[in-house]
Amino acid sequence: MRLILDSEEPSTALGQVRSCVQDGVRELRHCLWLCSPQMQVIMLSVGQAGL
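Sequential numbering of the sequence shown, starting at 43, is according to the working numbering.
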């Protein structure tokens with residue numbers, strides 16, 4: 043059981059970090075979207091590239 047718990051903990055932490063980063067990126071994109079029409083074009087092209 044200890045091995046199973048140890049293997050789950052890193053993935054949970056990684057998931058938390060990933061969701062936190064995604065929230066930050068989402069807020070940053072929203073700000074840039076509102077601030078600059080040129081950034082809208084850049085973000086759309088980046089989104090289409092899958093980055």
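What the hints contain is simulated information worked out from the structure, not anything from laboratory work.
Values in this document were obtained by computation on a predicted structure and should not be read as measured data.
We treat Cβ as the ideally placed atom computed from N, Cα and C, and that holds for glycine.
It is possible that some hints are incorrect.
Cβ pair distances, simulated, as ranges [as the list claims (entries may be wrong)]:
id: 1; residue 1: GLN82; residue 2: ALA55; range: 31 to 39 angstroms
id: 2; residue 1: VAL88; residue 2: GLN58; range: 30 to 38 angstroms
id: 3; residue 1: SER53; residue 2: GLN80; range: 34 to 42 angstroms
id: 4; residue 1: SER61; residue 2: VAL88; range: 28 to 36 angstroms
id: 5; residue 1: GLN80; residue 2: THR54; range: 35 to 43 angstroms
id: 6; residue 1: GLY92; residue 2: CYS62; range: 31 to 39 angstroms
Status of the hints after comparison with the structure:
1. GLN82 - ALA55: 31 to 39 angstroms: holds, 34 angstroms
2. VAL88 - GLN58: 30 to 38 angstroms: At 25 angstroms between Cβs, range violated.
3. SER53 - GLN80: 34 to 42 angstroms: 38 angstroms Cβ-Cβ, so the 34 to 42 angstroms window holds.
4. SER61 - VAL88: 28 to 36 angstroms: With a Cβ separation near 20 angstroms, SER61 and VAL88 fall outside 28 to 36 angstroms, so the hint is violated.
5. GLN80 - THR54: 35 to 43 angstroms: holds, 39 angstroms
6. GLY92 - CYS62: 31 to 39 angstroms: Roughly 21 angstroms apart at Cβ, these two residues miss the hinted range, so it is violated.
Taken one by one, the earlier hints fail for this structure at numbers 2, 4, 6, listed in ascending order.
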